[in-house]
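Protein chains in written order, with the working numbering: chain A, -11 to 125; chain B, 465 to 798.
I should point out that these hints are in silico values taken from the structure, not numbers from a laboratory. Think of the CB as a built atom: it goes at the ideal place given N, C-alpha and C, for glycine as much as any other residue. Careful: at least some of the hints might be erroneous.
Which stretches of chain B does chain A cover? Using the computed rule of at least three CB atoms under 8 Å from a CB of chain A, they are [as the list claims (entries may be wrong)]:
1. 472 to 480
2. 572 to 584
3. 601 to 611
4. 678 to 692
5. 722 to 734
6. 741 to 748
7. 752 to 762
Which residues of chain B face chain A? A partial, calculated answer using Cβ under 10 Å [said to hold, decoys possible]:
8. His587
9. Lys628
10. Val630
11. Trp671
12. Ala697
Listed next, the in silico DSBU-like pairs over lysine-lysine satisfying Cα-Cα at most 35 Å (straight line) [what the hints assert, rightly or not]:
13. Lys52/A x Lys733/B
14. Lys36/A x Lys6/A
15. Lys733/B x Lys8/A
16. Lys733/B x Lys792/B
17. Lys8/A x Lys628/B
18. Lys792/B x Lys695/B
19. Lys87/A x Lys105/A
20. Lys634/B x Lys105/A
21. Lys733/B x Lys91/A
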Amino acid sequence: MNINEVPQDPRNIKPGDKLKKLVYAVDKDGKYTGVNSVGWEAENVVIKQAWDDIDEHLAETEAKVKAGTLSPLPYFMQKNLMDLALLARYAGKWQWQVKRHFKPAVFNKLSPAMHDKYAQIFNITTAELTGFGKNNS
Amino acid sequence: MSNTPYVHHQHAHCESGVTSNLLAHEGINISEPMAFGIGAGLFFGHLPMLKVSGIPGTTYRTWPGAIFKRVAQRLNVTIHSERFNSPDKAMQALDAVLATGKPVGILGSVFYLPYLPEAFRFHFNAHNLVSYGKQDGEYLISDPIMEDVTRIAPADLIKSRFAKGVPEPKGFMYYVTSTSRDMDMAKAIQQGIRQTCFFMLSPPLPWFGNKAIFLLANRISEYPKKLEPRKAALYLGNVVRMQEEIGTGGAGFRYIYAAFLQEAGQLLKRDDLLDFSARLTAIGDDWRHFAYSAARILKARQSDIVSYDELSDLLRKCGAEEKELFQKLRKLKW
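Let the hints inform the model, and build the full structure from the sequences given.
This is the structure:
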């Protein structure tokens, strides 16, 4: 890649993103040098694809929470880009236990301490966690 | 010992960047490509059975931690590295070293670093950064992929250093304890190149080294036959992300390695290394062409078999060219 071929395609995927990363390219004498790049279309397409997939799943889960078929837990799990294994690791529980907490009836009966723990993992307040998907939100 | 102020330099890749910056602070000036080459950072691996968030893992570089360790060994630099079980102890240890004025390399999760653009913040637990001091209760941070230095609150740094998942950083930190005047660059370069050739050509397993490029090529041509379109697109997109997303310097580290071969050729006055560099640059361009073509297919949302077959052929071309290059590089007389 020549210096004048270093792409400058802004990412525009998430707000406030100004990072100009460094890539290596050769100048007209064939000498390597570091050049800043605001992004590359090909790279932006695949980053956006990954986020779109997350957003799609998140919207599906949100609908299920609001319909009362899932507890708020899987919503915040996905929002924090976690899977069941990772959330279980953070919570210090087995995966089957966390999976049980996806059921609204089980989730609602959890101890306040457990609610606090989940809220802490997601960096939100306990009220934000337990109140999600209820009428007022 | 070190009262010199820490100087931040932006680099393409986190670990080779941290290596270069930490050594520069000790008066050893090696560029990022040099650190990457001596540390034998270049690699390829495709593990269909090891799924990350449900997607097969692909890597264009060696495993985390290897580059810094190898560079230190090859340049007679002694280092101290440590893991911790408790966040309190890990932060105390960090503070103690920072108090002596020494910059410290830190391993952490990208997800918990608020100063990074959100688009890049996934649960990637093997990011390297440097802390070079503490001010107003915040840590001064030099993250090599950033243009400038930044700061982080202790609570965020703790979360990042003690992120869970695979791998777990467990507060891993490292710093230079002493350097030696007795440094043989020629030998270090030779060892780095030999190791890279070994890792590219010798693994007898299909998932590692040059062989894995062909494995991935075969898999990609099967994606539209075996997977639903959405999954095929996600699998393919991930390959391109690993190749071009932040930190590879372009073409999945192939350009950084070509820059290393060029610098080594100039330093050792060897035209053959310069030739290898130019050839790898051309191969890097082929990798970029693969990424560009893949993104075009993904954007057009057409996942017909022909286009995936074409991509597979582009990848095989990269694999064949690299195979020839590393076979010749391995036979180099020193």
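Comparing the hints with the structure gives:
A stretch counts as covered by a chain when three or more of its residues have a beta carbon under 8 Å from one of that chain; for the segment 472 to 480 of chain B and chain A the count is 3, and the coverage holds. Counting residues of the segment 572 to 584 of chain B whose beta carbon lies closer than 8 Å to any beta carbon of chain A gives 6, which meets the minimum of three for the stated coverage. Counting residues of the segment 601 to 611 of chain B whose C-beta lies closer than 8 Å to any C-beta of chain A gives 3; at least three are required, and the coverage claim holds. Counting residues of the segment 678 to 692 of chain B whose beta carbon lies closer than 8 Å to any beta carbon of chain A gives 0, which falls below the threshold of three, so the coverage claim is violated.
Look at the segment 722 to 734 of chain B against chain A: 4 of its residues bring a Cβ nearer than 8 Å to a Cβ of that chain, three or more, so the hint holds. Here's how the segment 741 to 748 of chain B fares: 4 of its residues keep a CB closer than 8 Å to some CB of chain A, so the rule of at least three is met and the hint holds. With 7 residues having a Cβ less than 8 Å from any Cβ of chain A, the segment 752 to 762 of chain B passes the three-residue criterion, so the hint holds. Checking His587/B against chain A: minimum C-beta separation of about 6 Å stays under 10 Å; hint holds.
About 4 Å separates the beta-carbon of Lys628/B from the nearest beta-carbon of chain A, less than 10 Å, and the hint is met. Here the hint on Val630/B is kept, as its CB sits about 9 Å from the closest CB of chain A, short of 10 Å. Hint on Trp671/B is violated. Least Cβ distance to chain A is approximately 22 Å, over the 10 Å limit. A hinted interface residue such as Ala697/B counts as satisfied when its beta carbon comes closer than 10 Å to some beta carbon of chain A; here the least separation is about 7 Å, so the hint holds.
A distance of roughly 66 Å separates the Cα atoms of Lys52/A and Lys733/B; the hinted pair therefore is violated under the 35 Å criterion. Proposed proximity of Lys36/A and Lys6/A is supported: the alpha carbons are some 16 Å apart, at most 35 Å. Distance check on the hinted pair: Lys733/B and Lys8/A sit about 34 Å apart at the alpha-carbon level, within 35 Å; holds. At most 35 Å may separate the alpha-carbon atoms for a hinted pair to count; Lys733/B and Lys792/B meet this at roughly 18 Å.
In summary, the hint linking Lys8/A to Lys628/B is supported, as the alpha carbons are separated by about 29 Å, within the 35 Å threshold. In summary, the hint linking Lys792/B to Lys695/B is not supported, as the alpha carbons are separated by about 38 Å, beyond the 35 Å threshold. The suggested pairing of Lys87/A with Lys105/A holds, with an alpha-carbon distance near 16 Å, which does not exceed 35 Å. A distance of roughly 20 Å separates the Cα atoms of Lys634/B and Lys105/A; the hinted pair therefore holds under the 35 Å criterion.
Of the pairs offered as hints, the one joining Lys733/B and Lys91/A is violated, with about 68 Å between alpha carbons and a cut-off of 35 Å exceeded.
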